[in-house]
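Residue numbers (my numbering), protein chains in the order written: chain A, 1 to 335; chain B, 336 to 884.
If you are wondering where the hints come from, they were derived from the structure by calculation, not from laboratory data.
Errors might be hidden in some of the hints.
[To be verified] Rough simulated footprint, nothing fancy, chain B against chain A, three-plus residues with beta-carbon under 8 angstroms:
(1) 88 to 96
(2) 180 to 189
[Said to hold, decoys possible] Straight-line alpha carbon distances no greater than 30 angstroms define the calculated DSS-like cross-link-like pairs of lysine-lysine that follow:
(3) B/Lys377 with A/Lys105
(4) B/Lys360 with B/Lys530
(5) A/Lys105 with B/Lys508
(6) B/Lys705 with B/Lys800
(7) B/Lys371 with A/Lys198
(8) B/Lys782 with B/Lys810
(9) B/Lys800 with B/Lys812
(10) A/Lys198 with B/Lys377
(11) B/Lys705 with B/Lys732
(12) B/Lys454 with B/Lys508
(13) A/Lys16 with A/Lys79
(14) B/Lys360 with B/Lys705
(15) A/Lys198 with B/Lys530
(16) A/Lys86 with B/Lys508
(17) B/Lys377 with B/Lys530
(18) B/Lys371 with A/Lys105
(19) B/Lys508 with A/Lys198
(20) A/Lys86 with B/Lys377
(21) A/Lys105 with B/Lys810
(22) B/Lys684 with B/Lys705
(23) A/Lys79 with B/Lys377
[Said to hold, decoys possible] Away from chain B, derived, C-beta distances all over 10 angstroms, residues of chain A:
(24) Ala11
(25) Gly147
(26) Ile323
Here a beta-carbon is modelled for each residue, glycine too, at the ideal position from N, C-alpha and C.
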Amino acid sequence: MPAENPLIVVAYFARKIGLLLFALFVAVTLNFFIPRFMPGDPAQDLMDKMQGIPLESLESIRAAFGVDSTDSMVIQYGKYLLNLIKGDLGISISRFPTPVSGVLKVAVPWTIGLMGTATIISFFIGTIIGIGVAWKRNTRLASFTVGMFIFVRSFPYFWLGLLLIYLLAFRIPFFPLGSAYTPQLQRGTWEFFFSVLKHAILPALTIVISSMGAWILTMRNNMINVLAEDYITVAQAKGLSLRRIKTLYAAKNAILPSITGFAMSLGFVVGGGLLTEMVFAYPGVGLMLYQAVQTKDYPLMQAIFLFISVAVLVANFIADVAILILDPRVRDGGK
Amino acid sequence: MKKAFLVLILISLLLSVTVLAADVKRGGTLRITSMKQGVLLKNFNPFSPNSNEIAVGGFYETLVYFNPQTGRAMNWLAESFTWSEDLLELTFKLREGVKWSDGEPFTEKDVLFTVGLGKDNRALDVASLWTSGVVDVRSEKPMTVTFTFTSIDTTVIERFSSVFIVPEHIWSKVDDPLTWIGEEIPVGTGPFVYKEGSFSEQSFLVVRNPNYWQIGADGKPLPYIDEVLTMTTTNEQAPLRLARGEFDWAGYFIANIDEVFVKADPEHFKYWLPEGNLVFLNLNNLQWPFDSYNLRAAIASAIDPVEITRIMASGAVPSSIAGIKASYLHLAEEALEEYGIEYDPDYAKYLIERDGYRLNRNGIYEKGGKALSLNLYVPTGWTDWIMGAEEVSRQLKEVGIEAIVTLAAWPSPYRDMMYNGNYELLFGISVTGTSPYSQFDNWVHSKHWAPIGERAGNYYGMRYKNEEIDILLDKYKQLTDPEEQDRIMAEVLKLFLRDLPSVPMFFNPVWFEYNTRNFVGWPSASNPYAEPRPTGMHKMPIMLSIHLR
Numbered sequence: 001m002p003a004e005n006p007l008i009v010v011a012y013f014a015r016k017i018g019l020l021l022f023a024l025f026v027a028v029t030l031n032f033f034i035p036r037f038m039p040g041d042p043a044q045d046l047m048d049k050m051q052g053i054p055l056e057s058l059e060s061i062r063a064a065f066g067v068d069s070t071d072s073m074v075i076q077y078g079k080y081l082l083n084l085i086k087g088d089l090g091i092s093i094s095r096f097p098t099p100v101s102g103v104l105k106v107a108v109p110w111t112i113g114l115m116g117t118a119t120i121i122s123f124f125i126g127t128i129i130g131i132g133v134a135w136k137r138n139t140r141l142a143s144f145t146v147g148m149f150i151f152v153r154s155f156p157y158f159w160l161g162l163l164l165i166y167l168l169a170f171r172i173p174f175f176p177l178g179s180a181y182t183p184q185l186q187r188g189t190w191e192f193f194f195s196v197l198k199h200a201i202l203p204a205l206t207i208v209i210s211s212m213g214a215w216i217l218t219m220r221n222n223m224i225n226v227l228a229e230d231y232i233t234v235a236q237a238k239g240l241s242l243r244r245i246k247t248l249y250a251a252k253n254a255i256l257p258s259i260t261g262f263a264m265s266l267g268f269v270v271g272g273g274l275l276t277e278m279v280f281a282y283p284g285v286g287l288m289l290y291q292a293v294q295t296k297d298y299p300l301m302q303a304i305f306l307f308i309s310v311a312v313l314v315a316n317f318i319a320d321v322a323i324l325i326l327d328p329r330v331r332d333g334g335k
Numbered sequence: 336m337k338k339a340f341l342v343l344i345l346i347s348l349l350l351s352v353t354v355l356a357a358d359v360k361r362g363g364t365l366r367i368t369s370m371k372q373g374v375l376l377k378n379f380n381p382f383s384p385n386s387n388e389i390a391v392g393g394f395y396e397t398l399v400y401f402n403p404q405t406g407r408a409m410n411w412l413a414e415s416f417t418w419s420e421d422l423l424e425l426t427f428k429l430r431e432g433v434k435w436s437d438g439e440p441f442t443e444k445d446v447l448f449t450v451g452l453g454k455d456n457r458a459l460d461v462a463s464l465w466t467s468g469v470v471d472v473r474s475e476k477p478m479t480v481t482f483t484f485t486s487i488d489t490t491v492i493e494r495f496s497s498v499f500i501v502p503e504h505i506w507s508k509v510d511d512p513l514t515w516i517g518e519e520i521p522v523g524t525g526p527f528v529y530k531e532g533s534f535s536e537q538s539f540l541v542v543r544n545p546n547y548w549q550i551g552a553d554g555k556p557l558p559y560i561d562e563v564l565t566m567t568t569t570n571e572q573a574p575l576r577l578a579r580g581e582f583d584w585a586g587y588f589i590a591n592i593d594e595v596f597v598k599a600d601p602e603h604f605k606y607w608l609p610e611g612n613l614v615f616l617n618l619n620n621l622q623w624p625f626d627s628y629n630l631r632a633a634i635a636s637a638i639d640p641v642e643i644t645r646i647m648a649s650g651a652v653p654s655s656i657a658g659i660k661a662s663y664l665h666l667a668e669e670a671l672e673e674y675g676i677e678y679d680p681d682y683a684k685y686l687i688e689r690d691g692y693r694l695n696r697n698g699i700y701e702k703g704g705k706a707l708s709l710n711l712y713v714p715t716g717w718t719d720w721i722m723g724a725e726e727v728s729r730q731l732k733e734v735g736i737e738a739i740v741t742l743a744a745w746p747s748p749y750r751d752m753m754y755n756g757n758y759e760l761l762f763g764i765s766v767t768g769t770s771p772y773s774q775f776d777n778w779v780h781s782k783h784w785a786p787i788g789e790r791a792g793n794y795y796g797m798r799y800k801n802e803e804i805d806i807l808l809d810k811y812k813q814l815t816d817p818e819e820q821d822r823i824m825a826e827v828l829k830l831f832l833r834d835l836p837s838v839p840m841f842f843n844p845v846w847f848e849y850n851t852r853n854f855v856g857w858p859s860a861s862n863p864y865a866e867p868r869p870t871g872m873h874k875m876p877i878m879l880s881i882h883l884r
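Can you make the complete structure from the sequences, with help from the hints?
Laid out in structure tokens, this is it:
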């Protein structure tokens, strides 16, 4: 291993942390201003939606939501930053008086459970298939696999989800149509656990099938590039076992770009699979976001967007650190 | 004639009740969809617009229930209500023997306490009693409550249909009534109590209150059903789950409902889509060309709401030219006889020509170089309305009027156009409210009126002003006899149809799908004893009527 220059590593970290902080600040600021420039009045919308409540209630609804604030934009922004530091994300308008954090507490575990697991499964299977099809890239099976996944990848999530529901839950009623578990099951029992599992299979399958193609293609292309490198030829000439060349020489180097992508998508997991969750009525963050947009629930929207931004930024930072460990070129200044 | 009609209604109601008495069977769990899609959060606060629907009506009840299908107030926790001679005082006599679900008696103190909360905090004054004329509330003798008003308005009675009474002995200890969500089990007078520990993000259970004050046809306390299981779903899931029979009662939009839902079990899967808000062709009365009655009447006879709603296939209910719900059409009988307009394209052409227009080379009517070529605005992305607008445009084309369907984003700039009167022709919406009176008071009364370019009081209006109608509507508020009020409304409808300021097309439906595999006794178009909404008090007459088959 080449000599490591501690200064380079420190500078690398400092640059990355600075970038992280700056990006966080921009995200937080945009997050405040963008929803406020959107037209519409949440109280009026609620009235429009709930036909048959007295029109005079508008004022009391406004007062209850606190959207009759007379503060200037700058003061509102200041209050927002202050509250954010205190961890107060505000009160959800569409779920008033539940605070935003209370809404997220319900939705986040479902999303991380479903989306997180599905993303990890998809990454591992996709990467392994990618290695395989690159290694045997001239066989018919490999071409067929790649072609098929390019085709499947172009399906919209919701379309694939609806198709699976129609075939495997509606026509053949083996899987449930949606939601996260059978209503009124006691939490913490085995029955509950298996119900959750059974309800998660179709949505997870939707995500795995439609996102796996990307991992296969990335890994395959990287592998093919790496396989053309001189050190692979050297390794072959030295007579190393093919398995060793495939995993330790080729795959280990080819996986670097995939890691960044994987970290990013783990970050996006927090945002939930909006379409998947809608189609399956899965009580996650994506579904909450959709409803927040529909009801102009700014505090909830802001919190979810903020969560996504922070998660992606942090995941990216972790990917940078991982690369620092995996890739010696970064440590010795890019030689 | 009208008396005879009422007697008929009463007889038929009595009949339906006696029929129920013969074969009432108790028990069962009613499975109903929540209006909250996807995720449920615990909130049983009767003052919150976001509370779970069963909390209002199921736990907490009102003094009266105002039925939007009949326009009449039904006594609930109040045994009766009376107006003073000068109509400035309203006295409720409360029902004796009603108990809170914890066993404490319900008294006038609870009513005074509940109303008092709204006096101190506007956000708790859900019915806006204190901002619309109430100056005082007091109790002169036990079990009575008297409200004093600054001005005469007898229609204020319908406000009390959204004042949900909470027990003083519990709520006086709640720190902030606005943010209470049901940390302790809610204590109410209603037919249901919360089943502890049943709440999750997907469903919750309420069970019958064994000591409820209303008595069923079998002489035992209502409700007939044992439990209500509220479940959440989404627009995407609802049609499939309904077709699978997973709900007894749902309030979800389903496109092509006969094919998707009813066909799965035509014997048991039913729906009734009563009229919600009215969608009308809003013609700007202050501008060419719709400052002329002939042109407005021409539009009315050129369009066919039945065909428009058929093409939309979204459950919209065609409206008569009177623009009021079917259950009130008896009020418009005379008006329709005198001024009614039927679908008749030839008559439309005749009216346009009578105004001096002649067909030009493109087949469009023209006068003085001005062709009847107008933008017809419709909100961007409201797909069923856009389909309706395309059909309106096609029908108008037949009579030589070119209506160019133009999309504008909702709410801005669309709603602003309506507020400021910058349009000739657009799809407008009129909130039908609780009665034809409240519909017309919001829609036609000139207190909301403004000249073009100035912001009107609401966005429903059509730049139309008629002092005679204003006077009649103001007089309506000073009457206590429902029959006299009906006569006033009949007059208003006559004037409205005489001038025909705009053209009613269809009603957005109230979505109501039900399943008779387990339960019977549902309201329907032929027996509209309540409006089938899960919100407010509306659901309660239904939940107290249905029973196992």
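Any of the earlier hints contradicted here, and which numbers?
14, 19, 21
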